[in-house]
Amino acid sequence: MHWPNPGLLTGNRRPRAVAAAAVRWLAGAVLFGVLGGPVMAESRHDYLVFLDAGATHRSGDPVGDELKADEGTAEATFVYSWQGDDLRFFVEVNAGDGGEYELARLQAGWRFAPQTTAWVGRFHNPQSYWNTQYHHGQYLQTSISRPGIEEFDDAGGVIPSHFVGAQLDSAQRAGRGGSLHYELGLGASGDVDENGLESPQLIGPERPEKLTASLRLTYQPQEGDPTSFGVFAGQNRMPAENLPFREVTQTVAGVSANWVQDPLRILGVVFFVHDQLEGGTVPDTAGGFVNGYLQLEYQAQSWTPYARAEGSSGADDDPYLALFPHFVRGRALAGLRLDFGRKQALKLEYARSHIEAGTYSEIGIEWSMVFP
Amino acid sequence: MNRRFSLASLLLSAVLIANTFALSMPLPAAEGRRLVLVTSDPSAPSLSPQEVRKLYLGANITRDGRTLVPLCNHTDAMAYEVFMQKVMYMSGPAYERALMTRFMRTTTAVRPPEYSNEKDLVRALGNTPNAVTYMWSDKAEVTGLKVVAELWHDP
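Protein chains in written order, with the working numbering: chain A, 1 to 372; chain B, 373 to 527.
Source of the hints: derived by calculation from the structure; they are not laboratory data. For each residue, glycine too, the CB sits at the ideal point set by N, CA and C. Check the hints yourself; a few may be wrong.
What the hints assert, rightly or not - Calculated pairs, DSS-like style, for lysine-lysine (alpha carbon to alpha carbon, straight line, at most 25 Å):
{"no.": "1", "chain 1": "B", "residue 1": "Lys-491", "chain 2": "B", "residue 2": "Lys-518"}
{"no.": "2", "chain 1": "B", "residue 1": "Lys-511", "chain 2": "B", "residue 2": "Lys-458"}
{"no.": "3", "chain 1": "B", "residue 1": "Lys-426", "chain 2": "B", "residue 2": "Lys-518"}
{"no.": "4", "chain 1": "B", "residue 1": "Lys-511", "chain 2": "B", "residue 2": "Lys-491"}
{"no.": "5", "chain 1": "A", "residue 1": "Lys-343", "chain 2": "B", "residue 2": "Lys-458"}
{"no.": "6", "chain 1": "B", "residue 1": "Lys-518", "chain 2": "A", "residue 2": "Lys-343"}
Stated by the list, open to error - Some residues of chain B that are not near chain A, with every Cβ distance over 10 Å (derived):
{"no.": "7", "residue": "Ser-418"}
{"no.": "8", "residue": "Thr-473"}
{"no.": "9", "residue": "Ala-496"}
Unchecked claim - Chain A regions said to be covered by chain B (calculated; three or more residues, Cβ under 8 Å):
{"no.": "10", "segment": "59–71"}
{"no.": "11", "segment": "78–90"}
Make the full structure from the sequences, and use the hints.
Pasting the structure below:
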């Protein structure tokens, strides 16, 4: 175990360094029992292992120049949660078939009220719906693909999906049998360069970073029920490297609705995004766009047919999106999911997607599972 | 919104596909049986089916200062199916995905433990304070457990 230099906590108070030090101290304390036996005596834990493998074939104008015609993927994700009386620890590690891995989430928390926990670490950004529901659990999402606006930042996404810092999670009763959850995040987002967004890391070479702040409110008419309605908002300041401007200030707001009445599910999310590009060798410029998606699912026993429509307005007028040639601006897809065996799923999906360079067709197949 | 795709035609296609697969699923025969929620604590308070549903979806249900602990009974496939359809109003796979999604989202919502062996289940009911589970009423009588809610009965 590497213990942090105390100077990190007293000298240079950069957000990433402070959060990383706090995570190491708390994780170390939890793992080695420094906090004492009574805490460990009431502990609970849970874990999940996700596996998935898939193949995709694409055809259309942008294929070849911009996109690969055939692509195969495989990944594994491990999730572990530990809870003492008041302390919490959570980790999510994702590994791909290329040998790369990511410490997607690493959180240490202190529950200081029955329904309220303060966390430090690396998080998925609450400025979304999909990413904070399914994270890297491919088995959990009905479809193979995720909406273009919800792509992870290190996979061509346009909104930072990770941050390093602190988050406050809380919930309270609302209405008759309902509940209201809120998440407030504050920390450092990644930066942007000619390849798109770079995620902030707890470990590894230091990169420039600036402040990000997020708030999400979620209302569940029946506590615990999958049906929910949410609003989210945030601002991300992202330093730019090797680009003609020095910084992007991105403001994000959105609403989400997930309505489940078995066997039907309707999911819809709308994003409002404004990007301001400042500094550097070109005049300051700004733009914005609206993006939304609507997904329908119908679960009939083990079979779940589903369809999703995605669309954007104003994407051509936002200079920030010029950095993301693969950003899916519009898509129509239909798919079929088969649940079988012990928590396994087979999915088949056809999509017509529109990116800056044109429209292409895509057909994909995927197997996924979760254990235990 | 981008107009390259017709939302109406997409939704119509989805409905047609859905209807193709919308086969009604009959419940297995369960003549005259009652599905009940049981506990090993003789002084446990009763619960409504709505509270049981919330409890098994991960909500905190506290009665008389005691926080209830749900256990999943996988020892009887028919009892599990009836519990899912008549109490949880969702299929088994959908329920398990809902629990895992909640766990991934909150990072703290530990899922109810599952038992596929009846002896282990009854032992866990006795050893875990405030634990509850669902089973057929005749099983509950044989094992001497207290019924705290009637969840479903064969009409």
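When you check the alpha-carbon spacing of Lys-511 of chain B and Lys-458 of chain B, does it fall within 25 Å?
-> With Cα atoms ~19 Å apart, Lys-511 of chain B and Lys-458 of chain B stay inside 25 Å; holds.
Below or equal to 25 Å on CA atoms is what counts here, so check Lys-343 of chain A against Lys-458 of chain B.
-> 22 Å, holds
Is the Cα-Cα distance between Lys-511 of chain B and Lys-491 of chain B 25 Å or less?
-> 12 Å, holds
Per the coverage rule (Cβ-Cβ under 8 Å, at least three residues), is the segment 78–90 of chain A covered by chain B?
-> It holds: at least three residues are needed, and the segment 78–90 of chain A offers 5 whose Cβ sits within less than 8 Å of chain B.
Beyond 10 Å from every Cβ of chain A: is that where the Cβ of Ala-496 of chain B lies?
-> Holds, because the least Cβ-Cβ distance between Ala-496 of chain B and chain A comes to about 14 Å, which exceeds 10 Å.
Do the alpha carbons of Lys-491 of chain B and Lys-518 of chain B lie within 25 Å of each other, as the hint requires?
-> 17 Å, holds
Under the criterion that the straight-line Cα-Cα distance not exceed 25 Å, is the pair Lys-426 of chain B, Lys-518 of chain B satisfied?
-> 20 Å, holds
Okay, the segment 59–71 of chain A and chain B, do three or more residues pass the C-beta test at under 8 Å?
-> It is violated: at least three residues are needed, and the segment 59–71 of chain A offers just 0 whose Cβ sits closer than 8 Å to chain B.
Ser-418 of chain B clear of chain A by more than 10 Å, beta carbon to beta carbon?
-> 18 Å, holds
Is the Cα-Cα distance between Lys-518 of chain B and Lys-343 of chain A 25 Å or less?
-> It is violated: about 32 Å lies between the C-alpha atoms, which goes past 25 Å.
Since Thr-473 of chain B was said not to touch the interface, does its Cβ keep a gap of more than 10 Å from each Cβ of chain A?
-> Given a closest Cβ separation of 5 Å, the condition is violated.
Going down the numbered hints, you'll see the structure goes against 6, 8, 10, while the others check out.
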